[in-house]
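Protein chains: 2
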Amino acid sequence: MHITPWEVRGEVNYDEIIKEFGVELITDDIIERLKKYTNNIHVLLRRKIFFAHREFEDWLDSFEKGIKVILYTGRGPSGYTHLGHLIPWIFTKYLQDVFKADLYFQVTDDEKFLIHPEMSMEDIENFTNDNILDIIAVGFDPERTKIFTNLNYKEIYRIAVRIARHITFSTAKATFGFTESSNIGIIFFPAMQAAPCFLYQILEGKDAHVLIPCAIDQEPYWRISRDVAPKLRFRKPAGIYSKFIPGLGANGKMSTSHPETCIFLKDSPEDVKRKIWNAFTGGQPTLKEQKEKGGNPNICVVYWYLYFYFEDDDKKVEEIYNECIIGKRICGECKELLTKKIIEFLIEHQKRREKAKDMVEKYLLKD
Amino acid sequence: MHITPWEVRGEVNYDEIIKEFGVELITDDIIERLKKYTNNIHVLLRRKIFFAHREFEDWLDSFEKGIKVILYTGRGPSGYTHLGHLIPWIFTKYLQDVFKADLYFQVTDDEKFLIHPEMSMEDIENFTNDNILDIIAVGFDPERTKIFTNLNYKEIYRIAVRIARHITFSTAKATFGFTESSNIGIIFFPAMQAAPCFLYQILEGKDAHVLIPCAIDQEPYWRISRDVAPKLRFRKPAGIYSKFIPGLGANGKMSTSHPETCIFLKDSPEDVKRKIWNAFTGGQPTLKEQKEKGGNPNICVVYWYLYFYFEDDDKKVEEIYNECIIGKRICGECKELLTKKIIEFLIEHQKRREKAKDMVEKYLLKD
Chain A
5 MHITPWEVRG EVNYDEIIKE FGVELITDDI IERLKKYTNN IHVLLRRKIF
55 FAHREFEDWL DSFEKGIKVI LYTGRGPSGY THLGHLIPWI FTKYLQDVFK
105 ADLYFQVTDD EKFLIHPEMS MEDIENFTND NILDIIAVGF DPERTKIFTN
155 LNYKEIYRIA VRIARHITFS TAKATFGFTE SSNIGIIFFP AMQAAPCFLY
205 QILEGKDAHV LIPCAIDQEP YWRISRDVAP KLRFRKPAGI YSKFIPGLGA
255 NGKMSTSHPE TCIFLKDSPE DVKRKIWNAF TGGQPTLKEQ KEKGGNPNIC
305 VVYWYLYFYF EDDDKKVEEI YNECIIGKRI CGECKELLTK KIIEFLIEHQ
355 KRREKAKDMV EKYLLKD
Chain B
5 MHITPWEVRG EVNYDEIIKE FGVELITDDI IERLKKYTNN IHVLLRRKIF
55 FAHREFEDWL DSFEKGIKVI LYTGRGPSGY THLGHLIPWI FTKYLQDVFK
105 ADLYFQVTDD EKFLIHPEMS MEDIENFTND NILDIIAVGF DPERTKIFTN
155 LNYKEIYRIA VRIARHITFS TAKATFGFTE SSNIGIIFFP AMQAAPCFLY
205 QILEGKDAHV LIPCAIDQEP YWRISRDVAP KLRFRKPAGI YSKFIPGLGA
255 NGKMSTSHPE TCIFLKDSPE DVKRKIWNAF TGGQPTLKEQ KEKGGNPNIC
305 VVYWYLYFYF EDDDKKVEEI YNECIIGKRI CGECKELLTK KIIEFLIEHQ
355 KRREKAKDMV EKYLLKD
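Top line first, the protein sequences correspond to chains A and B.
Residue numbering for the first sequence follows my numbering, beginning at 5 and increasing consecutively.
Residue numbering for the second sequence follows my numbering, beginning at 5 and increasing consecutively.
No lab work stands behind these hints: they were computed from the structure.
There's no promise every hint is true.
Copies of the same chain look alike in the list, so a pair counts if it fits in one copy or across any two.
Capping the alpha-carbon separation at 30 Å, the derived lysine-lysine pairs in DSS-like fashion look like this [stated by the list, open to error]:
| id | residue 1 | residue 2 |
| --- | --- | --- |
| 1 | 240 | 116 |
| 2 | 116 | 235 |
| 3 | 370 | 210 |
| 4 | 104 | 69 |
All values reported here derive from a predicted model rather than from experimental measurement.
One chain only, chain A, in its complex shape (with noise of 0.2 Å):
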């Protein structure tokens, strides 16, 4: 297994990556402290779709003590939105929420034009416009959320310089498995992406504390921005971080060059029926094996969907995946519901991104 933001190879261990890197679980602790601030346990935190964290207990000690509270996440613009990104921005804009924290929110559009040499500076422009539609489409708080580009926001770079300074290539190497044909570009780049960690101090002058949702494979670009904290005299970033959102192939393999296998915000009701139907399942060849020898909802894909966002429903869910392994369920109601419930978030938040187009000024961060 090998991980750096921007590959993960071979079969994911979590259990090994807690270890790796040194990030810690989410406990039923934690969130029984969560519902000292709301009601509404996330359905994401529930499943543990988040399910690991770094110091998370300590931005929550400092929500408790007045600390002002920050939120930071990012999107690659590299292809079109699918909903294994959009995972975790409805569970940023869930932390908003419960905090009302302000949240920065950067699109690495360097980052993608530097690992892309396919790609024109026109085609990273184009899904960074397409992008930041389905970010505000999220609903996040226009009063409290600033979104901006790297190339657009001339102060992320004047943040990366001081980060960089701390920052040498031996180090970087390390942490990203640079080589020597690596593009300098792609190496200055974690400074760019460590760099939002201190933007409310360095805007406002003053203490914040900064909390990261991700997914997992990120996480090595904070332990930058952690080293170099104390050395700038901010506080150290917290992290919350995402398993991977699975894809729809065999073994929950999701890839934007393989359509297929992925969910697209954009995508119609005919796209998703079909992309559903031929997901990968746990069941049998025939409905009669199906009946006979039951499912296997943990390799199932369409089971994972549902589990981990789509049915919110504890108890239904549970349902199922007995249901599922006694046979008394076939694939066919589980891909209907799952088809179902999709088509009805699209629907929702389609419509939202068109009202999205008339709030990308209100939402961007100018210099």
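Keeping the supplied structure of chain A fixed, place chain B upon it in accordance with the hints.
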């Protein structure tokens, strides 16, 4: 001998540099050709202080063909400006006047912050604001000159990522001597310095031929720009290169950390008198010996200063040389002459610098 933009170690052998860098000498033929465009061949050319070039003749060809010609030079704001910095700018202004060329003037505040761990961002900003006044005081055509700093003009980072995508760590290491302990900001910086080579072309969407007047130690940067130019479908920049401007110490040593070896542009007449009085000369220890044996102008810093810029009259400078050698001239005379010339020069510069305070907005390039 070891030359990178950040250090010159050992004695400088210009023949070796020519060979090592693969640049060409400024020949008398080139100087003859310039007489087509101007009756005034600048003293820095006549004396071959600007001694080498790369494709300067091609740039002249472009000028003759009516292709847009552009000048690009820069300043690293890590201290107050001294005469050694100003000399190439004066020559750049000369080229601007002769060829009616647009000039982009880059202030590399990012670079100086990245290589000076002892300096704060505020230090760099103070020197930046101060140095810009000296740049403007040179008298560049305000209609054709745009000054910008890398931390304040975001287009540079935008262009730099396009360049950086084509430069591997291995290439940057070979060219600039980076090591494992170089910081990731300075590793990226060559792309920032290369960016203005393509600024006009990108801003205007038109072809242009860029000429870079600078000290020879900056030449490695333009090799990078030249390698990348065809990949971005731009013309390769040409260069015209000066020798290092000597300081006032023995062997022409000059260092901002030893202020007595530099004439700063803020120096008072008293400062100039004292510094020139204490400058290293080729004179004999006593007046008697000077008259008997003659002096050695070849190692005399005072003579160098008269030669490289301050005595414009070719006959006069030859006379000084000849009189010194045969002991007819004593050091006091040369020191007095140089002191007078420098004080006159500084008084004029300082007047223009005062006026520059109201002209900053006119010159600054904005996003």
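To see whether the hints hold, each was checked on the structure:
no.: 1; hint: 240 x 116; result: both (26 Å within a copy, 26 Å between copies)
no.: 2; hint: 116 x 235; result: both (29 Å within a copy, 19 Å between copies)
no.: 3; hint: 370 x 210; result: both (20 Å within a copy, 28 Å between copies)
no.: 4; hint: 104 x 69; result: within (14 Å within a copy, 63 Å between copies)
Checked against the numbered hints above, the structure breaks none of them.
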